[in-house]
Amino acid sequence: MSRLDTLIFGCGALGQEVAMQLAERGIEVYLYSNDLDEVGALLAKGMQAAVVDFKNDDKLREIGIGRWVKRIFCLFSDEPSNLFLTLSARALDADLKIIGVCESAASGQRLMAAGATKVIDPYEISGHRVHERIARPYLVEMLESSLFGKHIDIAEIEIPDHSRLNGAMLNDLDLGSRFNLIIIGVVDLELGRELIFANSGISHRLDEGDILVVIGPEEEISRLKQAVAENSLEPTTDTGDP
Amino acid sequence: MSFSRRVIKQCYAMQGSSRYTNVKQAVYNLLENPQAPIRPYFDIFMILLVLTTVWLLIYEVKNDLGVVGDLVEMVAVGIFIIEYLLRFWIFNDSHKVILERYERAEFINESFDLWPALWHALLGKLKYVIRPLAIIDLLAIIPSYRPLRFLRIFLLFRLFKLFRYTRSISEFVKVLSEKRIELVTLFIFMAFITFTAATAIFFFEADQQDSQITGFFDSVYWALVTMSTVGYGDITPNTTEGRVITLVLIIAGLGVISFFTSIIVSAFGEKIHEIRAHRIYSEIERKRIDTLICGYGRVGQVVAERMAVDRRSFVVVDPVEENVRVAKKKQGHLAVVGDGEDTELLLSLGIDKRIQRLLCLTGDDVVNVYITLTARQVNPDIEIISRANHRENVSKLYRAGASYCVTPYEVFGLIAAEYAGQPVAFEAVYGLLTGQSHEGIEAVRIKGESVLVGRSLESIDFTRRKLTPFGVIREKDSEAKVEHANYDLQGRRFFFNPGKSFILEKDDLLVLLGHEYSVVHFRDCLERGTL
Numbered sequence: 001m002s003r004l005d006t007l008i009f010g011c012g013a014l015g016q017e018v019a020m021q022l023a024e025r026g027i028e029v030y031l032y033s034n035d036l037d038e039v040g041a042l043l044a045k046g047m048q049a050a051v052v053d054f055k056n057d058d059k060l061r062e063i064g065i066g067r068w069v070k071r072i073f074c075l076f077s078d079e080p081s082n083l084f085l086t087l088s089a090r091a092l093d094a095d096l097k098i099i100g101v102c103e104s105a106a107s108g109q110r111l112m113a114a115g116a117t118k119v120i121d122p123y124e125i126s127g128h129r130v131h132e133r134i135a136r137p138y139l140v141e142m143l144e145s146s147l148f149g150k151h152i153d154i155a156e157i158e159i160p161d162h163s164r165l166n167g168a169m170l171n172d173l174d175l176g177s178r179f180n181l182i183i184i185g186v187v188d189l190e191l192g193r194e195l196i197f198a199n200s201g202i203s204h205r206l207d208e209g210d211i212l213v214v215i216g217p218e219e220e221i222s223r224l225k226q227a228v229a230e231n232s233l234e235p236t237t238d239t240g241d242p
Numbered sequence: 001m002s003f004s005r006r007v008i009k010q011c012y013a014m015q016g017s018s019r020y021t022n023v024k025q026a027v028y029n030l031l032e033n034p035q036a037p038i039r040p041y042f043d044i045f046m047i048l049l050v051l052t053t054v055w056l057l058i059y060e061v062k063n064d065l066g067v068v069g070d071l072v073e074m075v076a077v078g079i080f081i082i083e084y085l086l087r088f089w090i091f092n093d094s095h096k097v098i099l100e101r102y103e104r105a106e107f108i109n110e111s112f113d114l115w116p117a118l119w120h121a122l123l124g125k126l127k128y129v130i131r132p133l134a135i136i137d138l139l140a141i142i143p144s145y146r147p148l149r150f151l152r153i154f155l156l157f158r159l160f161k162l163f164r165y166t167r168s169i170s171e172f173v174k175v176l177s178e179k180r181i182e183l184v185t186l187f188i189f190m191a192f193i194t195f196t197a198a199t200a201i202f203f204f205e206a207d208q209q210d211s212q213i214t215g216f217f218d219s220v221y222w223a224l225v226t227m228s229t230v231g232y233g234d235i236t237p238n239t240t241e242g243r244v245i246t247l248v249l250i251i252a253g254l255g256v257i258s259f260f261t262s263i264i265v266s267a268f269g270e271k272i273h274e275i276r277a278h279r280i281y282s283e284i285e286r287k288r289i290d291t292l293i294c295g296y297g298r299v300g301q302v303v304a305e306r307m308a309v310d311r312r313s314f315v316v317v318d319p320v321e322e323n324v325r326v327a328k329k330k331q332g333h334l335a336v337v338g339d340g341e342d343t344e345l346l347l348s349l350g351i352d353k354r355i356q357r358l359l360c361l362t363g364d365d366v367v368n369v370y371i372t373l374t375a376r377q378v379n380p381d382i383e384i385i386s387r388a389n390h391r392e393n394v395s396k397l398y399r400a401g402a403s404y405c406v407t408p409y410e411v412f413g414l415i416a417a418e419y420a421g422q423p424v425a426f427e428a429v430y431g432l433l434t435g436q437s438h439e440g441i442e443a444v445r446i447k448g449e450s451v452l453v454g455r456s457l458e459s460i461d462f463t464r465r466k467l468t469p470f471g472v473i474r475e476k477d478s479e480a481k482v483e484h485a486n487y488d489l490q491g492r493r494f495f496f497n498p499g500k501s502f503i504l505e506k507d508d509l510l511v512l513l514g515h516e517y518s519v520v521h522f523r524d525c526l527e528r529g530t531l
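Chains as they are written, first to last, in the UniProt record's numbering: chain A, 1 to 242; chain B, 1 to 531.
Watch out, some of these pointers could steer you wrong.
[As the list claims (entries may be wrong)] One-sided excerpt, in silico: chain B residues whose CB lies under 10 angstroms from chain A:
| no. | residue |
| --- | --- |
| 1 | F216 |
| 2 | V302 |
| 3 | V411 |
| 4 | A416 |
| 5 | Q422 |
| 6 | P423 |
| 7 | I441 |
| 8 | F496 |
[Stated by the list, open to error] Below are the DSS-like pairs computed for lysine-lysine, each with C-alpha atoms no more than 27 angstroms apart in a straight line:
| no. | chain 1 | residue 1 | chain 2 | residue 2 |
| --- | --- | --- | --- | --- |
| 9 | B | K330 | B | K271 |
| 10 | B | K506 | B | K447 |
| 11 | B | K396 | A | K45 |
| 12 | B | K329 | B | K271 |
| 13 | B | K174 | B | K125 |
| 14 | A | K225 | B | K500 |
[Said to hold, decoys possible] Rough simulated footprint, nothing fancy, chain A against chain B, three-plus residues with beta-carbon under 8 angstroms:
| no. | stretch |
| --- | --- |
| 15 | 272–281 |
| 16 | 354–363 |
| 17 | 386–399 |
| 18 | 460–467 |
| 19 | 511–519 |
If you are wondering where the hints come from, they were derived from the structure by calculation, not from laboratory data.
Glycine included, each C-beta is placed from N, C-alpha and C at the ideal position.
Please work from the sequences and hints to get the whole structure.
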């Protein structure tokens, strides 16, 4: 068995959906469930799945939690199982990324208290989208075809060590004119995980390890990534002459 | 024959006259149409009129009415008569009855005989006259005619006229009439007991020396008073036999009373949903509600909450009583208990005309597809937003007629995958998607008279306003020439990152990225033209 760093627990519709989406992004996953029938159905579809008794810590350690696994998804259909798994996994590995599903704000809080890194509420998001669709139909269509469509992607770009961008001000980057991209913001891990929006009025001084969040067409993003990697990108202001 | 021809000609003239039809429709709206906006005012007016005349009737017993009182009475009776005649008129179309017979005769080449046709038309009208409510109307009028003054007690029938004008009383009668069989059974049982007890008491007591029972009427009166547990005590049995009969009658009476109570209670228990639903229908009518939410699960709750914040009106339908209770009591939404599959219910909520937007948000795809399909069939113009819990059902929903589908699991998958790959970018997407962060994407419409028309993006200081121009959405048939790269957006063009030289046009949607306050401020400046 190969050592995959992403595991999905729960083989329901949600688990399959996540597995598919991850596969599209080139991330290989293993699905686990305590339900033999579900696992059988997945195996028949050609997905990698296995039965595991998640209530047993030894079994969890056996499949790699606390050892090589970096992130797990708790997608059981019942909240108690998700809570239990979150607690056990957190006890085994303090750095593990645990992403859970919740059905209400209260169950989301419980999962976070149990040690989940991120809790996603699909119903809340869906409800929000239905409402957006009613309130601002054009915008939803646009977001739909940009954020979820083929045209436009969101990407994060880390500023490498010894980059020429090191020390530049965020506002001076002016990527909009050189690349067909919009900078949404930057995350300075030294200051926390909060996204500092580019238009917030505070110009941020970039340094190594900062992560730029940009949005734009795929090819533009890869052009930018390449430029950053080759260190050929320069901030506009400190080049006084051409 | 010439008379017959004249009648036929007249009938055709009525058939063809739009004025006649309009007047008749207007009268129908006033008197009968429960949907008509004028109807409640008319009802209130009539209720006040009835109460006034009844009050006059009571006043008249001990006092003299005087001229004003008589005048009011005359006007009221006049209105009652006009109302009666109008109802008689709009009950059916006599000319249509005659024409139908005439055309049939023409069709099979038979000679047309006017009198049977007229008789038929008259029969149609007679059907109105013998309806209970019509009889009540008539009885409320007739005693005002002087030679029939002895019928004055029938003026009380005017109170019964209130049935027509108040929905709750007629609902009460309707509920009781559904329990007809039980009530008839109870009545027969009661009559049997009364009669038996009355006979027995008469048999034992009537010939006693100081008996209070002098005739059979007395004993029936006693039996009913005792059985109903009212027990005035003006007539009491004196003999031991009589007292034994009393004991038995009291026990039987308890049974009858409790039976009666239980019938009424269960009748209302069964009908209470319908009665409540009726209330809601009229509220929907009044508030001009145009959105219907089927399913008050998690997604439904979120949508309802957001829509309530927007002050949009909507009504919730959910089969689970508990959900509806929460929707009503805790959130204050309009809600009905009922299945979304119940086409009757959807129709009475006005899905075929008033409702313009239907949200099928139940957790069951089969139900969502079913509702979508039914709604699309009865109303081709309605906007249907449907929830698909499984990926493979999205195409089915679109085929069933959905305008838009939302897929909670797919969205979850997308976001989760994004998180696995790019945790930082994910936070931004998540904030945008859930609307939880104050930073977001908003669209601003450039109106025709706006100061921005014809200006380039460069001339607007977005940085100072803490906004980023994200894109512009423009109608495809816009005459402006297209020189920027754009994406197709179902009949519109979407210009991503339009650049400084982009010139804004009338009716463009400018999509901005920024804090909600910045956008509000921008909109405000745009309205006032101070940009």
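- [ ] Go through the hint on B:A416 and say holds or violated, using the shortest Cβ distance to chain A against 10 angstroms.
- [x] With Cβ-Cβ at 5 angstroms, under 10 angstroms, it holds.
Open item on the list: Hinted pair, alpha-carbon criterion (27 angstroms max): A:K225, B:K500. Please report holds or violated.
Closed with: holds, 24 angstroms
Task: Agreement of B:K330 and B:K271 with the hint, judged by alpha carbon distance not exceeding 27 angstroms - done: holds, 24 angstroms
TODO: Would you check whether B:F496 satisfies its interface hint, that is, whether its CB is within less than 10 angstroms of any CB in chain A?
DONE: Result: holds, 6 angstroms to nearest chain A Cβ.
TODO: Grab the minimum C-beta distance from B:P423 to chain A and call the hint holds if it beats 10 angstroms, violated otherwise.
DONE: Result: holds, 8 angstroms to nearest chain A Cβ.
Open item on the list: Can you confirm whether the C-alpha distance between B:K396 and A:K45 stays at or below 27 angstroms?
Closed with: holds, 22 angstroms
Open item on the list: Next pair to validate is B:K506 with B:K447; report whether the Cα-Cα distance is within 27 angstroms.
Closed with: Between B:K506 and B:K447 the Cα gap is close to 6 angstroms, so the pair holds against 27 angstroms.
Task: Minimum beta-carbon distance criterion (10 angstroms), B:I441 to chain A - done: holds, 7 angstroms
Open item on the list: At least three residues with a C-beta closer than 8 angstroms to a C-beta of chain A: is that true for the stretch 460–467 of chain B?
Closed with: Our answer is that it holds, as 4 residues pass the Cβ test (under 8 angstroms) against chain A, meeting three.
TODO: Could you check if B:V411 really has its C-beta closer than 10 angstroms to a C-beta on chain A?
DONE: holds, 5 angstroms
Open item on the list: Under 10 angstroms is the threshold here; is the Cβ of B:V302 close enough to any Cβ of chain A for the hint to stand?
Closed with: holds, 3 angstroms
Open item on the list: Against the 27 angstroms threshold, does the CA-CA distance of B:K174 and B:K125 hold or violate the hint?
Closed with: holds, 24 angstroms
Hints 1 and 15, counting from the list given before, are not met by this structure.
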